[in-house]
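For the protein sequence lines, the chains are A and B, in the order given.
Residue numbering for the first sequence is 1 to 168, as defined by our numbering.
Residue numbering for the second sequence is 1 to 303, as defined by our numbering.
Warning: the hint list may mix true and false statements.
Stated by the list, open to error - If you want the ones that stay clear, here's a sample from chain A, every Cβ over 12 Å from chain B, calculated:
(1) S2
(2) N4
(3) T17
(4) T49
(5) W86
(6) R95
(7) V104
(8) E106
As the list claims (entries may be wrong) - Below, simulated EDC-like cross-link-like pairs (lysine to aspartate or glutamate); rule was C-alpha separation at most 20 Å, straight line:
(9) A/K57 with A/D102
(10) A/K87 with A/D120
(11) A/K57 with A/E84
(12) A/K57 with A/D16
(13) B/K209 with B/D256
(14) A/K28 with A/E18
(15) B/K209 with B/E267
(16) B/K164 with A/D16
(17) B/K188 with B/E2
(18) B/K164 with A/E29
(19) B/K164 with A/E64
(20) B/K164 with A/D120
Calculated from the structure, these hints are not laboratory results.
Beta carbons: idealized from backbone N, C-alpha and C, even for Gly.
Letter by letter, the chains look like this.
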Amino acid sequence: MSDNDGQRFDRLPETDTERTVEGRASRKEVIDYFEDRFGIPPETFADYTFWEKGAGKIWIYAGEAPTPIEIEAIGMTCLRTRQEHWKPTTDFVQRFGQFATDCVIELEREQARAFAAGEDQDLEWWDGDWGYLIAAHELAGDLEPLGIGLYVHGELRSMVPKGRQRDI
Amino acid sequence: MEPFERYRPIIDDFDAFLAACERPLGNAARINTIKGSVERTLEALDEEGVAYEQADWNPRVVRLETDSPGSTWTSFHGLTHGQEEVSAVPPVVLDPQPGERVWDSCAAPGGKATQLAALMDDRGTVVANDNNLGRISALRFNAERLGATSLAVTNADARTYSLKRFPFDEFDRALVDAPCSCEGTIRKNPDALDNWNEGHISSVSGIQKGILRRAVQATREGGTVVYSTCTFAPEENEAVVQHALENEACRVVDFDLGLKHSSGLSEWDDETFDDSLERAARIYPHQNDTGGFFVAKLEVTAE
Ligand SMILES: C[S@@+](CC[C@H](N)C(=O)[O-])C[C@H]1O[C@@H](n2cnc3c(N)ncnc32)[C@H](O)[C@@H]1O
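Using the sequences provided together with the hints, build the complete structure.
Below, the structure is given as structure tokens:
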């Protein structure tokens, strides 16, 4: 097994058995994670490839590229692996979160506002799983994902990155 | 406005032009269909009480009546992206199709690159390039916010661009939204003319010529290249396209544009341009109450 090269994008191996780089997630593990945790159907990702650059940062891409490739960005970041609890990105959740059925916490307008501003809030009523949740709110007749939150001990912590936080 | 005097002979109703240049520009936004339909985004704007007016020529462009367009739900969700109305023209003229390979040679901060991705239903490959690393971080931020998964971002000089890193050796279409003297942005940046001088125009036109030539070379025969700037200077517009016509295998083609505009010039100062340059579009601020833009559409021909 070789080490991860942080300077370039490498396409994820299909499965565990094809892995050549230590600690690298496989495409199957990534898709399984999105299905197991959030109920996102695996078919959602049929036309996408997954890539790793930097230790554990996974990117999702719809275009053509050889592996490896040294460029600035390929599609968008979607997931942080190589840590005990994998963590989806807020931008990924806003793009693909509408396909999720599990671990989606629905917020009232004021709570959504606090979440978008990056604030943590006590939400004792949540009786689902702890850990990373998709926060969402009702917008124009549909549930619209806001971003990723971390739920522990009755508190929802907004994981919306600084540059994406807004006072609405 | 002094530098604009040189355009008096070519602009109809020059006084209206100058008056429009003095007026500040309102907020426009593009509806990002990667994240939601036009109908739904309009409904979200209604729900928030943000008044808007949809552009006649493009249902995906809205003029917003709010002082803080960045602090709306639609913006937070990436359903809208602040983008000047005329700046949404070049991608529409390029008309990329889902699944194609498209090059945006001067892409940062990404308004048009993400619009190209949206026009392609975010399927295919949009190679978004810029030579300025600082501006590339803004491009990446916008691409992620808008959920564009079909973008590959590169940092290189477009004039000598190599496709070696990709598994294909030509593009179906290319956009050259060139660095320019930005005269047409005067309504947004009142100091746009502060450093205006003909020397700058002539040096930037050299860069523009190099980028456009490379774009034609990198595009397949029968493919399309769109050249655009946000400036009025013919040295940066018709003269650049003329240079490509003389040195590369391409021709200027017609296109429909639902905005009022004037045709490209066939002469300027002592220089004459190919008649086909009249097929290009000059959009002046007083014609549609927007910023200014130049757009030319080229078809790549056999050698
Ligand atoms: C008019 S701006 C592009 C705006 C962009 N198309 C958009 O819609 O957001 C021109 C860009 O060209 C870039 N540029 C200047 N010279 C370049 C070169 N030689 N190669 C590639 N990019 C260049 C600048 O850094 C700048 O970001």
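Okay, the hints, checked on the actual structure:
{"no.": "1", "hint": "S2", "verdict": "holds (21 Å)"}
{"no.": "2", "hint": "N4", "verdict": "holds (20 Å)"}
{"no.": "3", "hint": "T17", "verdict": "holds (25 Å)"}
{"no.": "4", "hint": "T49", "verdict": "violated (10 Å)"}
{"no.": "5", "hint": "W86", "verdict": "holds (18 Å)"}
{"no.": "6", "hint": "R95", "verdict": "violated (4 Å)"}
{"no.": "7", "hint": "V104", "verdict": "holds (15 Å)"}
{"no.": "8", "hint": "E106", "verdict": "holds (15 Å)"}
{"no.": "9", "hint": "A/K57 with A/D102", "verdict": "violated (23 Å)"}
{"no.": "10", "hint": "A/K87 with A/D120", "verdict": "holds (17 Å)"}
{"no.": "11", "hint": "A/K57 with A/E84", "verdict": "holds (14 Å)"}
{"no.": "12", "hint": "A/K57 with A/D16", "verdict": "holds (17 Å)"}
{"no.": "13", "hint": "B/K209 with B/D256", "verdict": "violated (25 Å)"}
{"no.": "14", "hint": "A/K28 with A/E18", "verdict": "holds (11 Å)"}
{"no.": "15", "hint": "B/K209 with B/E267", "verdict": "holds (18 Å)"}
{"no.": "16", "hint": "B/K164 with A/D16", "verdict": "violated (30 Å)"}
{"no.": "17", "hint": "B/K188 with B/E2", "verdict": "holds (18 Å)"}
{"no.": "18", "hint": "B/K164 with A/E29", "verdict": "violated (31 Å)"}
{"no.": "19", "hint": "B/K164 with A/E64", "verdict": "holds (13 Å)"}
{"no.": "20", "hint": "B/K164 with A/D120", "verdict": "violated (47 Å)"}
Checked against the numbered hints given earlier, this structure breaks hints 4, 6, 9, 13, 16, 18 and 20; the rest are met.
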